[in-house]
Structure formats: C-alpha cells, structure tokens
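Visitor: Residues per chain are reported as follows:
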Amino acid sequence: MIDASGSPSRREFLLAAGGAAAGVALASVVVVRPARATPATMQEAIDKVVGTARVSPGRVKLELPPLVENGNTVPLVVRVESPMTETDHVRAIHVFAEKNPQPNVVSVFLGPRAGRAGVSTRMRLADTQTVIAIAELSDGSFWSDRADVVVTLAACLEEP
Amino acid sequence: MASALIRVPERARRGEVVEIRALIGHPMETGYRRTQQGERIPRDIIRLFTCTYNGTEVFRAELHPAIAANPFIAFWTVATESGTIALHWTGDNGFTATESAAIVVE
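Top line first, the protein sequences correspond to chains V and E.
Going by our numbering, the letters in the first sequence line up with residues 1 to 160, in that order.
Going by our numbering, the letters in the second sequence line up with residues 1 to 106, in that order.
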C-alpha cells in the first residue's frame, strides 16, 4: 500500500491518527484525577484515625436530612450512647464524607466533662453521597453510623 | 474582629448537663472555588474551635473545609462550678476570636 515516495496511504494515515487519538484519550483518563474524595480516599482517612482497630456499627446516631436542596449548609447531628463517666466515655467523634473534595469533615474531642456525647454543626455536601460518623470510646473501641444524602444543589461549585 | 454569637445558660444546677451553642461569622473559603477569571481562591477557614471552662479545656473541634460558612457548633458540658465559659476560634491567615460568658452554678 505504500507508494514509491514512502508517504503513507490515506487508510494508513487514518488508522495511525485514530490510534494516536485513542492513545491520548487513554492517557488523559489515567492522568486526570478527580478533585474530590472517593470512597477509597475516605477509607484512607478513616484508617488514619482508626488504625487497625475494628469499627462496629451501632451506638452512634448520625442525623442528616435524607434530601438536601442546598448542599452549602446541611444540618448535622451526631449522638453517641455513652454514660460519659470517667471510666466509660466518648473520646472523639469523627465525620467523613465520601464525595467531597476532602474526606474529613470535622473531628471533635470530648471527655467525661461533656456530660452528654454529641455535637451539632452544619456541613457542606458536594454531591449525593454517604456520610459516616465514627466515635472513639475510652476503652479503645470504635463505633459508627452512616447516612445517605441526596443533594440537589451541590456546594463548592458555584461562582463567588 | 469577627462577630460571634454564643449561647450559654446563665444559671444551672450543679451537675446539670448544659448545651452551649456557638455561631461565628466567617466565610470558610474552601480553597476549591475559582473566580470567573479561573484563579483559585486561596483557602481561608477556621481550623480549631475550643471551649474552656474556668481555664480547663472541655471540648475541642478540628474543622475542615467541609464545614459550612459561618460555622455553627453546639455541644454539651457539665455545669461543675460558677465561672467563665470561654470559646476560642483559630484559623488561617492568623484568624483568632474569643467569646466568653459567665455561668452561675448553684
């Protein structure tokens, strides 16, 4: 198919061009990383806090509205069942989001002087996603709860 | 000086668990937004919130960009003695704010 002058035929040229384009597309898929946390990075953030300990479901109650119209300010309440005594209390509560640009949301540290283990705040949600709350107890155990939230208007995207 | 709004009960019985609410005016700029010219707006958030009861720390929160603008935090503490409950916020660009309230425990 190659003529005497050595220039490629139309078919060869198209094949080569198509291959190159596919290569570029593939490379860009590999190179471009999403600027948001994925479940994997959230797991990494959780591992950083929890270490090798086991996180059991229960004892924690994470309250978030199931349907959110505006992700810029979403009320969040975490409560943990604990007598909050010197020997048995909640040391810390951590909140993680799987699809925000960063997985960490808030970490609160308390002790027996809190009296009641809980915190309320308002968070941003960049997308429809799962939010996880993990409580660290004074005996070293970890407990968690999760909430699925549907977001209509995402935070972080609007122009200032 | 940022405007902070706090709610601490004026009186409480000894041993009573009281709720403390704190709201402060702050943009909590995430560092992920861009201007219309495409320039990234630098991060400007409150990183740390602490509550001290007569000088002893009873509550601490580490905030991340996922906390909404004008951070609101509510938590509980045991009214142990009369005195001062002070709330401190510290953040990027040298931001600090302190607000305190007196509590009478009987």
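For the record, the hints were derived by calculation from the structure and aren't laboratory data.
Owing to the predicted nature of the structure, the values given are computational and were not obtained by experimental measurement.
Just so you know, not all the hints are guaranteed correct.
[What the hints assert, rightly or not] Anything over 10 angstroms on all C-beta distances counts as not near chain V; from chain E, calculated:
1. 10
2. 56
3. 73
4. 77
5. 90
6. 96
[Said to hold, decoys possible] From the derived model, a few chain V residues whose C-beta atoms are all more than 10 angstroms from chain E:
7. 38
8. 40
9. 44
10. 46
11. 48
12. 63
13. 100
14. 105
15. 107
16. 108
17. 117
18. 145
19. 149
20. 155
[What the hints assert, rightly or not] What follows is a list of derived Cβ distance ranges for each label pair:
21. 38(V) to 102(E): 22 to 30 angstroms
22. 139(V) to 39(E): 48 to 56 angstroms
23. 39(E) to 85(V): 20 to 28 angstroms
24. 47(V) to 15(E): 22 to 30 angstroms
25. 85(V) to 57(E): 16 to 24 angstroms
26. 42(E) to 87(V): 42 to 50 angstroms
27. 106(E) to 57(V): 37 to 45 angstroms
28. 34(E) to 86(V): 31 to 39 angstroms
For glycine and all other residues, C-beta sits at the position ideal for the given N, C-alpha and C.
Visitor: For each hint, tell me whether it holds in the structure or not.
Guide: Hints versus structure:
no.: 1; hint: 10; verdict: 18 angstroms, holds
no.: 2; hint: 56; verdict: 8 angstroms, violated
no.: 3; hint: 73; verdict: 5 angstroms, violated
no.: 4; hint: 77; verdict: 6 angstroms, violated
no.: 5; hint: 90; verdict: 15 angstroms, holds
no.: 6; hint: 96; verdict: 19 angstroms, holds
no.: 7; hint: 38; verdict: 15 angstroms, holds
no.: 8; hint: 40; verdict: 18 angstroms, holds
no.: 9; hint: 44; verdict: 15 angstroms, holds
no.: 10; hint: 46; verdict: 14 angstroms, holds
no.: 11; hint: 48; verdict: 13 angstroms, holds
no.: 12; hint: 63; verdict: 13 angstroms, holds
no.: 13; hint: 100; verdict: 5 angstroms, violated
no.: 14; hint: 105; verdict: 4 angstroms, violated
no.: 15; hint: 107; verdict: 4 angstroms, violated
no.: 16; hint: 108; verdict: 4 angstroms, violated
no.: 17; hint: 117; verdict: 8 angstroms, violated
no.: 18; hint: 145; verdict: 17 angstroms, holds
no.: 19; hint: 149; verdict: 13 angstroms, holds
no.: 20; hint: 155; verdict: 8 angstroms, violated
no.: 21; hint: 38(V) to 102(E): 22 to 30 angstroms; verdict: 47 angstroms, violated
no.: 22; hint: 139(V) to 39(E): 48 to 56 angstroms; verdict: 49 angstroms, holds
no.: 23; hint: 39(E) to 85(V): 20 to 28 angstroms; verdict: 52 angstroms, violated
no.: 24; hint: 47(V) to 15(E): 22 to 30 angstroms; verdict: 39 angstroms, violated
no.: 25; hint: 85(V) to 57(E): 16 to 24 angstroms; verdict: 19 angstroms, holds
no.: 26; hint: 42(E) to 87(V): 42 to 50 angstroms; verdict: 45 angstroms, holds
no.: 27; hint: 106(E) to 57(V): 37 to 45 angstroms; verdict: 42 angstroms, holds
no.: 28; hint: 34(E) to 86(V): 31 to 39 angstroms; verdict: 50 angstroms, violated
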